[in-house]
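Starting from the given sequences, assemble the full structure and let the hints guide the process.
Top to bottom, those sequences are chains V and R. The opening position of the first sequence corresponds to residue 138 in this note's numbering, with each subsequent residue numbered one higher. The opening position of the second sequence corresponds to residue 138 in this note's numbering, with each subsequent residue numbered one higher.
Certain hints may be false.
[Stated by the list, open to error] With a Cα cut of at most 20 Å, we get these calculated SDA-like pairs of lysine to any residue: (1) Lys302/R with Asp301/V; (2) Lys316/R with Pro180/V; (3) Lys305/R with Leu348/V; (4) Lys305/V with Thr310/R; (5) Lys305/V with Ile149/R; (6) Lys316/R with Ser181/V; (7) Lys305/R with Ser152/V; (8) Lys305/V with Pro180/R; (9) Lys316/V with Gly182/R; (10) Lys238/V with Asn322/R; (11) Lys190/V with Asp156/V; (12) Lys238/R with Pro281/V; (13) Lys305/V with Lys305/R; (14) Lys302/R with Asn363/V; (15) Lys305/V with His207/R; (16) Lys305/V with Lys238/R; (17) Lys305/V with Tyr154/R; (18) Lys305/V with Asn322/R; (19) Lys316/V with Ile183/R; (20) Lys305/V with Gly151/R; (21) Lys316/R with Tyr279/V; (22) Lys305/V with Lys316/R; (23) Lys217/V with Gly287/V; (24) Lys305/R with Pro300/V.
Keep in mind that the hints were calculated from the coordinates and are not lab data.
Spelled out, the chains give:
Protein chains: 2
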Amino acid sequence: MKNIIIASTSTIHGSGYLDYILDDLTVLFKETEEILFVPYARPSGISHDEYTKTVTNAFAKINKKVKGIHTYEDPIEAIKKAKAIFIGGGNTFVLTNQLYKNNLIGALQTAIKNGIPYLGTSAGSNICGLTIKTTNDMPIVYPPSFNALGFVPFNINPHYLDPDKGSKHMGETRETRIKEFHNFNNQPVIGLREGSWLEVKNDSIILKGHLTARIFEYNKTPYEVNPETELDHLK
Amino acid sequence: MKNIIIASTSTIHGSGYLDYILDDLTVLFKETEEILFVPYARPSGISHDEYTKTVTNAFAKINKKVKGIHTYEDPIEAIKKAKAIFIGGGNTFVLTNQLYKNNLIGALQTAIKNGIPYLGTSAGSNICGLTIKTTNDMPIVYPPSFNALGFVPFNINPHYLDPDKGSKHMGETRETRIKEFHNFNNQPVIGLREGSWLEVKNDSIILKGHLTARIFEYNKTPYEVNPETELDHLK
Numbered sequence: 138m139k140n141i142i143i144a145s146t147s148t149i150h151g152s153g154y155l156d157y158i159l160d161d162l163t164v165l166f167k168e169t170e171e172i173l174f175v176p177y178a179r180p181s182g183i184s185h186d187e188y189t190k191t192v193t194n195a196f197a198k199i200n201k202k203v204k205g206i207h208t209y210e211d212p213i214e215a216i217k218k219a220k221a222i223f224i225g226g227g228n229t230f231v232l233t234n235q236l237y238k239n240n241l242i243g244a245l246q247t248a249i250k251n252g253i254p255y256l257g258t259s260a261g262s263n264i265c266g267l268t269i270k271t272t273n274d275m276p277i278v279y280p281p282s283f284n285a286l287g288f289v290p291f292n293i294n295p296h297y298l299d300p301d302k303g304s305k306h307m308g309e310t311r312e313t314r315i316k317e318f319h320n321f322n323n324q325p326v327i328g329l330r331e332g333s334w335l336e337v338k339n340d341s342i343i344l345k346g347h348l349t350a351r352i353f354e355y356n357k358t359p360y361e362v363n364p365e366t367e368l369d370h371l372k
Numbered sequence: 138m139k140n141i142i143i144a145s146t147s148t149i150h151g152s153g154y155l156d157y158i159l160d161d162l163t164v165l166f167k168e169t170e171e172i173l174f175v176p177y178a179r180p181s182g183i184s185h186d187e188y189t190k191t192v193t194n195a196f197a198k199i200n201k202k203v204k205g206i207h208t209y210e211d212p213i214e215a216i217k218k219a220k221a222i223f224i225g226g227g228n229t230f231v232l233t234n235q236l237y238k239n240n241l242i243g244a245l246q247t248a249i250k251n252g253i254p255y256l257g258t259s260a261g262s263n264i265c266g267l268t269i270k271t272t273n274d275m276p277i278v279y280p281p282s283f284n285a286l287g288f289v290p291f292n293i294n295p296h297y298l299d300p301d302k303g304s305k306h307m308g309e310t311r312e313t314r315i316k317e318f319h320n321f322n323n324q325p326v327i328g329l330r331e332g333s334w335l336e337v338k339n340d341s342i343i344l345k346g347h348l349t350a351r352i353f354e355y356n357k358t359p360y361e362v363n364p365e366t367e368l369d370h371l372k
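Laid out in structure tokens, this is it:
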């Protein structure tokens, strides 16, 4: 009964927060007027209230109300009662840590299994994979585990970046980092470029947006897939 | 009795491995002919043997022999008997995990306190700070702790990168990431650009190389310091 959008980013260059994907969010959230927002990832360290304000303004454009999970006394109950859930971007370690701290992993998995529509962007997409081991974020807090929600049977690399051939910087490219990941892990990784998302409906997983995505399978040469490709065979 | 070089990178664009810093390494390692190399960070996933070969070739230029710690039956003994230690770059999580697994944290701290000369580059420099929470690396393995060796009383951000103002990528800049770090941690962070290093002698910590470094102190505006600046007051 899964009904999920896993987006690389909340915002594409030159447009407003969630603007590029609002049409699809109207469809995803068509059965509800209120969305439960999880602001735990705190981009740039902003407060839960500030972050919820940004999200409230964005969803007002498609006539949806937003309530921050931090305003509930019991966050587990909030998840159980939610008609729709959005987990936004920021720092994946901070987000994961707070989900474990509030004991929300199981509650989220149950909600999504029951067909509650879910939107993730950036860090909120990272946690849809098997683990957070392919995040780009800085490990500013130590979470009790790197295991994530496992809504899809592979790992996500959001904000995927192609190597900059003109660069003189000696830090690893994204592709090198994912190659290193496969020295210690064997699940596939999907490099989702900004503006791309995965539409998950039951067992179907389709690449959406205008761009190709880069697939990294264990012991295989990485390859590109086109929009509208069905990815349910990756595991 | 500390005698340490903490370098941002092993290699600067357009030159060979360690070439830019060999003169200073001749001085650092002047009392010994053999260096114990710790290849645990495995850049691009290369083997301990392959990595040790690269390092052996580099140090041959200044007539030093290199022995990989992985060739010893007892790595703790290897550290105890070492006359000089080099921990190279790669993945900071993989390196940290292996140091904990082999129970080497205490042995390294004792060796450095006793004045054994130490060189760290990239991941091998990250671990010289209080924690690895300001690494740029992908968390491809889950170490038992993010606590590091604490040779200096602050955190290191190697391969420090200035914001690219022309970029259309929406991922966080390095400065934003370190700002997020300071929402959860209060120690200073030194952003070391490629080609810069810290020379630590007893309690003195001096910035070396031709570039400025960027200092991030808790609740302060970040600022630049010039080469030859004494940084022993940062903590």
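Hint check results:
1. Of the supplied pair hints, the one linking Lys302/R and Asp301/V holds, its CA atoms being roughly 15 Å apart against a limit of 20 Å.
2. For the hint pairing Lys316/R with Pro180/V, the CA-to-CA distance comes to about 10 Å; that is within 20 Å, so the pair holds.
3. For the suggested pair Lys305/R and Leu348/V, the alpha carbons sit about 15 Å apart, so the restraint of at most 20 Å is met.
4. A C-alpha spacing of about 17 Å is found between Lys305/V and Thr310/R, which places the hinted pair at or below 20 Å, so the restraint holds.
5. A threshold of 20 Å between alpha carbons decides the hint, and for Lys305/V with Ile149/R the separation of about 8 Å falls inside it, so the pair holds.
6. Taking the CA atoms of Lys316/R and Ser181/V, the gap is near 7 Å; set against the 20 Å cutoff, the hint holds.
7. With a C-alpha separation of about 11 Å, the suggested pairing of Lys305/R with Ser152/V holds against the 20 Å cut-off.
8. Restraint check for Lys305/V and Pro180/R: the C-alpha separation of about 18 Å stays at or below 20 Å, so the hint holds.
9. Straight-line distance between C-alpha atoms of Lys316/V and Gly182/R comes to about 7 Å, which keeps the hinted pair within the 20 Å bound.
10. Distance check on the hinted pair: Lys238/V and Asn322/R sit about 18 Å apart at the alpha-carbon level, within 20 Å; holds.
11. The straight-line distance between the Cα atoms of Lys190/V and Asp156/V is roughly 16 Å, inside the 20 Å bound, and the hint therefore holds.
12. Only pairs whose Cα atoms come within 20 Å are accepted, and Lys238/R paired with Pro281/V is accepted, the gap being roughly 18 Å.
13. At most 20 Å may separate the alpha-carbon atoms for a hinted pair to count; Lys305/V and Lys305/R meet this at roughly 19 Å.
14. The straight-line distance between the Cα atoms of Lys302/R and Asn363/V is roughly 30 Å, outside the 20 Å bound, and the hint therefore fails.
15. Restraint check: the Cα-Cα separation between Lys305/V and His207/R comes to about 32 Å, which exceeds 20 Å; the hinted pair is violated.
16. Taking the CA atoms of Lys305/V and Lys238/R, the gap is about 35 Å. The hint is violated against a cut of 20 Å.
17. With a CA separation close to 15 Å, the supplied pair Lys305/V and Tyr154/R stays within the 20 Å bound.
18. With a CA separation close to 31 Å, the supplied pair Lys305/V and Asn322/R exceeds the 20 Å bound.
19. A distance of roughly 11 Å separates the Cα atoms of Lys316/V and Ile183/R; the hinted pair therefore holds under the 20 Å criterion.
20. A distance of roughly 8 Å separates the Cα atoms of Lys305/V and Gly151/R; the hinted pair therefore holds under the 20 Å criterion.
21. Among the hinted pairs, Lys316/R with Tyr279/V is consistent with the structure: their alpha-carbon atoms are about 17 Å apart, no more than 20 Å.
22. Under the criterion of a C-alpha separation no larger than 20 Å, the hint pairing Lys305/V with Lys316/R is inconsistent with the structure, at around 25 Å.
23. With a CA separation close to 18 Å, the supplied pair Lys217/V and Gly287/V stays within the 20 Å bound.
24. This hinted pair checks out: Lys305/R and Pro300/V have alpha carbons roughly 15 Å apart, not beyond 20 Å.
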